[in-house]
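K.L.:
Starting from the structure of chain E, add chain U where the hints point.
Below are the chains, spelled out letter by letter.
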Amino acid sequence: MSTHLSADQLLHAYKVMRTIRAFEERLHVEFATGEIPGFVHLYAGEEASAAGVMAHLGDADCIASNHRGHGHCIAKGVDVYGMMAEIYGKKTGVCQGKGGSMHIADFEKGMLGANGIVGAGAPLVVGAALAAKLKGTDSVAVVFFGDGGSNEGAVFEAMNMASVWNLPCLFIAENNGYAEATASNWSVACDHIADRAAGFGMPGVTVDGFDFFAVHEAAGAAVERARAGEGPSLIEVKLTRYYGHFEGDAQTYRAPDEVKHFREHNDCLMQFRERTTRAGLVAAGQLDQIDEDVESLIENAVRKAKSDPKPSAADLLTDVYVSYP
Amino acid sequence: MNRRPLTVGIIANPASGRDVRRLTANAGLFSSTDKVSVIQRLLAAFGATGIEQVLMPTDMTGIAAAVLKNSQGRQARASHWPALEFLDITLRQSVEDTRKAARLMAERGVSLIAVLGGDGTHKAVAAEIGDIPLLTLSTGTNNAFPELREATSAGLAGGLFVSGRIPAEIALRRNKRLLVRVPSRGLCEWALVDVAVSSLPFVGARAISRAADLAQVFVTFAEPQAIGLSALCGLWFPVSRQAPGGAWMRLDPQSPEALLVPLAPGLLQGCGVLAAGSLEPGVAHSLALASGTLALDGEREIEFNVDDRPSVTLDNHGPLSIDVNAALAYAAQQRLLAIGREHPQHPLNLLSRDNPGE
Chain E
1 MSTHLSADQL
11 LHAYKVMRTI
21 RAFEERLHVE
31 FATGEIPGFV
41 HLYAGEEASA
51 AGVMAHLGDA
61 DCIASNHRGH
71 GHCIAKGVDV
81 YGMMAEIYGK
91 KTGVCQGKGG
101 SMHIADFEKG
111 MLGANGIVGA
121 GAPLVVGAAL
131 AAKLKGTDSV
141 AVVFFGDGGS
151 NEGAVFEAMN
161 MASVWNLPCL
171 FIAENNGYAE
181 ATASNWSVAC
191 DHIADRAAGF
201 GMPGVTVDGF
211 DFFAVHEAAG
221 AAVERARAGE
231 GPSLIEVKLT
241 RYYGHFEGDA
251 QTYRAPDEVK
261 HFREHNDCLM
271 QFRERTTRAG
281 LVAAGQLDQI
291 DEDVESLIEN
301 AVRKAKSDPK
311 PSAADLLTDV
321 YVSYP
Chain U
1 MNRRPLTVGI
11 IANPASGRDV
21 RRLTANAGLF
31 SSTDKVSVIQ
41 RLLAAFGATG
51 IEQVLMPTDM
61 TGIAAAVLKN
71 SQGRQARASH
81 WPALEFLDIT
91 LRQSVEDTRK
101 AARLMAERGV
111 SLIAVLGGDG
121 THKAVAAEIG
131 DIPLLTLSTG
141 TNNAFPELRE
151 ATSAGLAGGL
161 FVSGRIPAEI
171 ALRRNKRLLV
181 RVPSRGLCEW
191 ALVDVAVSSL
201 PFVGARAISR
211 AADLAQVFVT
221 FAEPQAIGLS
231 ALCGLWFPVS
241 RQAPGGAWMR
251 LDPQSPEALL
261 VPLAPGLLQG
271 CGVLAAGSLE
281 PGVAHSLALA
291 SGTLALDGER
301 EIEFNVDDRP
311 SVTLDNHGPL
321 SIDVNAALAY
331 AAQQRLLAIG
341 REHPQHPLNL
351 LSRDNPGE
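Chains as they are written, first to last, in the numbering used here: chain E, 1 to 325; chain U, 1 to 358.
These are calculated hints, taken from the structure and not from any lab test. Cβ atoms here follow ideal geometry from the backbone N, Cα and C, with glycine treated the same way. Just to be clear, a hint being listed does not mean it is correct.
What the hints assert, rightly or not - Estimated spans, in silico, between C-beta atoms of each pair:
1) U:Cys-188 with E:Ala-189: 39 to 49 Å
2) U:Gln-225 with E:Gly-280: 54 to 64 Å
3) U:Gly-73 with E:Ala-189: 33 to 43 Å
4) E:His-265 with U:Pro-183: 16 to 26 Å
5) E:Arg-263 with U:Cys-188: 25 to 35 Å
Looking at chain E on its own, in the form it has when it is part of the complex (with noise of 0.2 Å):
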């Protein structure tokens, strides 16, 4: 709960952040070549979101996401190459190729999958959650849904459920104020997603996100409710994107210098930067080399993934069920 974080645990979530933004920027300039088959919905500004919730579980507990999912995967330890191998749809992606974007699952880190339809990771990690529970494990699982999916009956379902069986389960609604470009002060009807969890009977509160601390703050109490066997809640994190809703996107619903202030002001990496080194947890420099790393992750990932095969005609009928033991 309380925000005395190591060095390394510093170090590693400013990481996760730089690696989101960094995908994430390049894709932005990579998806205008045409190369990238499908859309791409990109995460860019709503990193300390992920990293702030992710910091707290591990591979055993779930998580599921939606179309703007390459930030929870990164931070959910997916592998970054094999992400981008995916979204260039290259049988070395991490679903062979056959997902992209949209549909990015790792089951061993936990990643349940990105999911094309607003709303649908919801019932997915109650189901998780309600695993856990009868297994008697202390794992949790975790749903990243929008404003957007914030009005869909399947996520007012999902925390009915979660609810009513008391799961150790958290929606974490990421308000960056569009449903695609219908501004959220329009349409949510209560405004304050956070002001949801009442009616379903568990606590939710509102978080900034741009500010990493926040986040890990509030998931972290979060988490270890859903872990002591408390049951769900909902946090509404804050944040905005930097780019459109999809790539291509014009964006005339937004005022000019909307993105313009929050880059300046509120950034999260630059946040996370100038207080670390001011308090002296950690040094300008190994925040520098990070830096320095994750672009050569990046331009490695973007040179393998772009000269990776395609998969052939007969991948077509495989990995269509899974096979169970």
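P.N.:
For chain U alone, coordinates are given in the frame of chain E:
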């Protein structure tokens, strides 16, 4: 003759009453819907006491939108709501929105600003408005500065004062404040109730939920029935709102003396007490820790390190606020709310309108 309309401001903090203490303690939720109701109770009381215009900021959480919608309704007409004007500000969804709204209201010369929020919201408004009185309403988590109070009666007290029917020397009280100075960063921030020095390195989720994280507390006043950081002094070294000075306490988990304190709703913590004493006005105090965070009115706001050397000073130049109890006692004594039979809201007149045959 051009008389300026009687104008007051209402600022509701959309973010109050929903922080991490719903997870770490048993704090209740203050929803946007509840805040809308509180504003509407105020509007009814303001309408009844002759306030003609109300300024409100817009917000991203539907509070202004709901009030605007309901202002077209029957209740609003029946209770003669003042005319509403919404301030045009670029919203950043941070405390800056509150400050900007307060500055605009001060520029417009409002006679009173009603604030819905916690200690932190009141502090943010107070620092921007000079001697415009505050009508304080608690919609926060654990508050000491705004009292828990029904908005209708608070609105009556505020409205009667603004319309000149209660003299200032009865309706208003001057509050103390704490000034937190961080010279290295050119900061001078206010607190209206307490400043806590914490060893936590980051602002994080803002609230302080563990006594062990506290090293020192300064208070302007501390009532024994308080909840939150000021309860520490309130239960060990209480000091009233009216007293000229404040109090301080040094805390250490290893101290042989300890105190059980309600730090947040439902959260009782044992807290080691090293020493306590009076805080004289005008004397700058340095901090017990070289680095950590400063919580102003209950929320961590300032991260400081060894180079910063912040100081805390109490003075008596805090905001004016409406003393609702004193104002309404005067209203009762003077029969300020007595109405004639010709008054449209007189119960007998309402009766005869409902039954035109009688």
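K.L.:
Now tell me, hint by hint, if it's right for this structure.
P.N.:
Going through the hints against the structure:
Remark: the range hint 39 to 49 Å for Cys-188 (chain U) to Ala-189 (chain E) is upheld by a beta-carbon distance near 41 Å. Look at Gln-225 (chain U) against Gly-280 (chain E): about 40 Å separates their beta carbons, and that is not inside 54 to 64 Å. Gly-73 (chain U) and Ala-189 (chain E) have their C-beta atoms about 18 Å apart, which leaves the hinted 33 to 43 Å range violated. His-265 (chain E) and Pro-183 (chain U) have their C-beta atoms about 23 Å apart, which keeps the hinted 16 to 26 Å range intact.
As the Cβ distance of Arg-263 (chain E) to Cys-188 (chain U) is approximately 28 Å, the hint placing it in 25 to 35 Å holds.
In summary, the numbered hints that this structure violates are 2, 3.
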